[in-house]
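In terms of the numbering used here, the sequence shown opens at residue 676 and continues consecutively.
It is possible that some hints are incorrect.
What the hints assert, rightly or not - Derived DSS-like pairs: lysine-lysine, alpha-carbon spacing no greater than 27 angstroms straight-line:
{"hint": "1", "residue 1": "810", "residue 2": "825"}
{"hint": "2", "residue 1": "727", "residue 2": "810"}
{"hint": "3", "residue 1": "986", "residue 2": "1012"}
{"hint": "4", "residue 1": "727", "residue 2": "863"}
{"hint": "5", "residue 1": "776", "residue 2": "789"}
Said to hold, decoys possible - Now the in silico label distances, taken between C-beta atoms and shown as ranges:
{"hint": "6", "residue 1": "969", "residue 2": "883", "range": "49 to 57 angstroms"}
{"hint": "7", "residue 1": "772", "residue 2": "878", "range": "53 to 61 angstroms"}
{"hint": "8", "residue 1": "779", "residue 2": "933", "range": "15 to 23 angstroms"}
{"hint": "9", "residue 1": "877", "residue 2": "1060", "range": "44 to 52 angstroms"}
{"hint": "10", "residue 1": "878", "residue 2": "1033", "range": "42 to 50 angstroms"}
{"hint": "11", "residue 1": "954", "residue 2": "809", "range": "30 to 38 angstroms"}
{"hint": "12", "residue 1": "762", "residue 2": "1047", "range": "24 to 32 angstroms"}
{"hint": "13", "residue 1": "811", "residue 2": "699", "range": "37 to 45 angstroms"}
{"hint": "14", "residue 1": "809", "residue 2": "1016", "range": "39 to 47 angstroms"}
{"hint": "15", "residue 1": "1009", "residue 2": "883", "range": "24 to 32 angstroms"}
Keep in mind that the hints were calculated from the coordinates and are not lab data.
Cβ atoms here follow ideal geometry from the backbone N, Cα and C, with glycine treated the same way.
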Amino acid sequence: MTYNEVMGGRAPIRMWAEPAEVEPDVMRQLRNVSDLPWVHGVAVMPDVHHGKGATVGSVIAMRDAVSPAAVGVDIGCGMTAVKTSYRAESLPDNLGYLRSKLERAVPVGFGHHKRPVDPTALQGLRGTGWAEFWKGFDELAPSVQGRREKAEVQMGTLGGGNHFLEVCADDEGVVWVVLHSGSRNIGKELADHHIEVARGLPHNQDLPDRDLAVFVGGTSQMDAYRRDLFWAQDYARRNRAVMMALVCDVLRRHLPNITFEQPISCHHNYVAEERYDDVDVLVTRKGAIRAGSGEFGIIPGSMATGTYIVKGRGNAAAFNSASHGAGRRMSRNKAKKTFTLADFKAQTEGVECRKDTGVIDEIPAAYKDIESVMAAQTDLVEVVAHLRQLICIKG
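Put together the whole structure using the sequences plus the hints.
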């Protein structure tokens, strides 16, 4: 579809969702964002839904300003996918055994490694600037300086909620590994710290929603936020890389002669410096991926409805972006009240995964239809591969 442009405040709102189908409180959030004096434009993805301050599924371009809530509290959250040489028919019949081995290698939920993972001992991660990266921790906000040890043992862990690790097969029967995670507790603590700092700044006192508080260029607060933000985005990228290396190590031990192609990786809660309409802007993608021309991306549905590997079309009207997934259509609490364990088992039939009440809030029916989401953004991405889940691990 082509986008719908709706009346905003000071800046245009371009929507790849049908305005009539978007909840009123979501539209209110979008208009609040578009009325900020620093905003250059807003692009709305087809999976848009309510979030803190800014909606999930929105792309906001600002001139020399950034709103921490428009990034999200899981800084750098995103996806990594790797295509393998293996075929689905060659996988062992007992996928539960393979799932248990993967769960042992990658801690989930509140779990963490007993000691920090040595990334230089993992294939593919040697010599990638780890010493310099950890040296940067000492320059982060004082409020997190007591968290270094926790950040180290959480490096290479999945977390909970909608984070997942999957073994999938594409429509040709080729096996892929896909995972979704972010900057773990350290990213959240940095986000919470800076959101609180921004809320107290004088220029943010008259905003329609104080959760939209911004930092502006040329200030010490902006400098501190950018330093911590980019470090946390790097943490998230490295976290996914360590997990993928751990997973590939498990698969090498249990699937003879398996090999792996170069990983595809993309953030979907982050800030980037970009240029549109001859204007330098800071682009925040909260629940959206970059989809520049020819750039690979990953768009998952839910834990039993498949994932799409895509290439961006470079649509400047959307600030070279696309949706980050299907997006929730129902809160976690509502999902728990609406569905039963029997519903969950029926909707995840054929997928090797947890089948207990602890993951009912991740039931596929709590998410929007991924096929409809993909159909609404054919001018943003082209499909490279469609994957179906064989094993799904959640925290």
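To see whether the hints hold, each was checked on the structure:
no., hint, verdict
1, 810 <-> 825, "holds (15 angstroms)"
2, 727 <-> 810, "violated (32 angstroms)"
3, 986 <-> 1012, "violated (38 angstroms)"
4, 727 <-> 863, "holds (13 angstroms)"
5, 776 <-> 789, "holds (17 angstroms)"
6, 969 <-> 883: 49 to 57 angstroms, "violated (39 angstroms)"
7, 772 <-> 878: 53 to 61 angstroms, "holds (57 angstroms)"
8, 779 <-> 933: 15 to 23 angstroms, "holds (18 angstroms)"
9, 877 <-> 1060: 44 to 52 angstroms, "holds (50 angstroms)"
10, 878 <-> 1033: 42 to 50 angstroms, "holds (43 angstroms)"
11, 954 <-> 809: 30 to 38 angstroms, "holds (36 angstroms)"
12, 762 <-> 1047: 24 to 32 angstroms, "holds (30 angstroms)"
13, 811 <-> 699: 37 to 45 angstroms, "holds (43 angstroms)"
14, 809 <-> 1016: 39 to 47 angstroms, "holds (43 angstroms)"
15, 1009 <-> 883: 24 to 32 angstroms, "holds (26 angstroms)"
Checked against the numbered hints above, the structure breaks hints 2, 3, 6 and satisfies the rest.
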